[in-house]
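Student: Taking numbering that gives the first Met the number 0, the leading residue of the sequence shown gets 0, the next gets one more, and so forth.
Treat each hint with caution, since some may be false.
Capping the alpha-carbon separation at 35 Å, the derived lysine-lysine pairs in DSBU-like fashion look like this [unchecked claim]:
no. : residue 1 : residue 2
1   : LYS60     : LYS149
2   : LYS19     : LYS223
3   : LYS178    : LYS223
4   : LYS105    : LYS223
5   : LYS71     : LYS105
6   : LYS223    : LYS101
7   : LYS60     : LYS223
8   : LYS101    : LYS71
9   : LYS60     : LYS105
10  : LYS101    : LYS149
By construction, these hints were calculated from the structure, which means they are not laboratory data.
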Amino acid sequence: MVSVMFPLVLQAAETSRRGKRLIGPIDLSLEGHGVTVVIGPNGAGKTTLLRLMHGTARLNKGSVQWACDTAKAREAQAFVFQRPVMLRRTVRENLMYPLRLKGARKTDAHARAETAARAVGLEDFLERSAVVLSGGEQQKLAIARALITKPALVFLDEPTSSLDGRATRDIEGILQEAKAAGTRLIMSTHDMGQARRIADDVVFLVNGSVGEQDAASTFFDSPKTEQARAFLRGDIIA
0 MVSVMFPLVL QAAETSRRGK RLIGPIDLSL EGHGVTVVIG PNGAGKTTLL
50 RLMHGTARLN KGSVQWACDT AKAREAQAFV FQRPVMLRRT VRENLMYPLR
100 LKGARKTDAH ARAETAARAV GLEDFLERSA VVLSGGEQQK LAIARALITK
150 PALVFLDEPT SSLDGRATRD IEGILQEAKA AGTRLIMSTH DMGQARRIAD
200 DVVFLVNGSV GEQDAASTFF DSPKTEQARA FLRGDIIA
């Protein structure tokens with residue numbers, strides 16, 4: 000499905016709220032493999048860009064075009080929020096929920112929930128309420144729930160922003176496994192170490208527009224713009 004969905008092409012795409020432009024115009028083309036990491040200063044529009052591509056932010060101008068039918072593309076996606084949204088149910092029931100929505104039989108969803116929990120180290124928490132898990136455990140659950148239906152593409156909005164080093168390492172491992180299994184990942188992060196570790200390509204946003212897009216190795220070794228160089232040095236970008 001990934002090869003059918005991509006490239007994803009944004010042309011002069013803009014979104015605004017109450018007459019105020021949030022991001023745009025955005026010109027961007029993404030291929031169907033690996034991990035794209037969206038970086039940039041606070042307020043650059045990273046979350047809004049992810050939501051615009053995912054279809055949960057309104058497109059006011061321009062276009063967002065998938066290589067296949069838009070409805071089919073969106074059916075093959077999932078989104079992981081910066082702050083995990085937990086159903087007030089057990090870990091098992093959280094994992095079963097998207098499967099049941101797609102018509103899976105209860106016995107099948109039950110078994111697949113166990114497999115998904117085991118993949119992220121939550122097999123001992125299946126009957127525990129999701130809302131009492133730690134922040135790292137909730138984010139693992141959110142990612143497992145996003146992956147359980149085998150989406151072709153997962154968007155992740157700063158998935159480790161409030162986690163400690165150990166939880167961050169665990170989640171990066173989960174994401175690398177998802178990538179190895181063929182899942183396309185597009186994520187934002189403020190952690191440049193994380194971006195260097197997992198990105199295949201980088202989209203650098205500044206002031207609501209794409210300042211630079213390149214392969215990760217090229218971007219981090221020799222950024223083309225002064226704004227990108229300043230950002231990587233840790234300078235404040237207005």
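Student: Compare the structure with each hint and give your call.
Tutor: We went through each hint and held it up to the structure:
1. LYS60 / LYS149: holds (32 Å)
2. LYS19 / LYS223: holds (29 Å)
3. LYS178 / LYS223: The given pair, whose Cα atoms are some 28 Å apart, holds under the 35 Å limit.
4. LYS105 / LYS223: With a Cα-Cα distance of about 53 Å, the restraint between LYS105 and LYS223 is violated, given a limit of 35 Å.
5. LYS71 / LYS105: Answer holds: LYS71 to LYS105 is near 25 Å, not above 35 Å.
6. LYS223 / LYS101: Violated, because 45 Å separates the two Cα atoms, which is more than 35 Å.
7. LYS60 / LYS223: At roughly 28 Å apart (the allowed maximum being 35 Å), LYS223 and LYS60 satisfy the hint.
8. LYS101 / LYS71: holds (14 Å)
9. LYS60 / LYS105: Not OK: LYS60 and LYS105 at ~43 Å, beyond 35 Å, violated.
10. LYS101 / LYS149: holds (12 Å)
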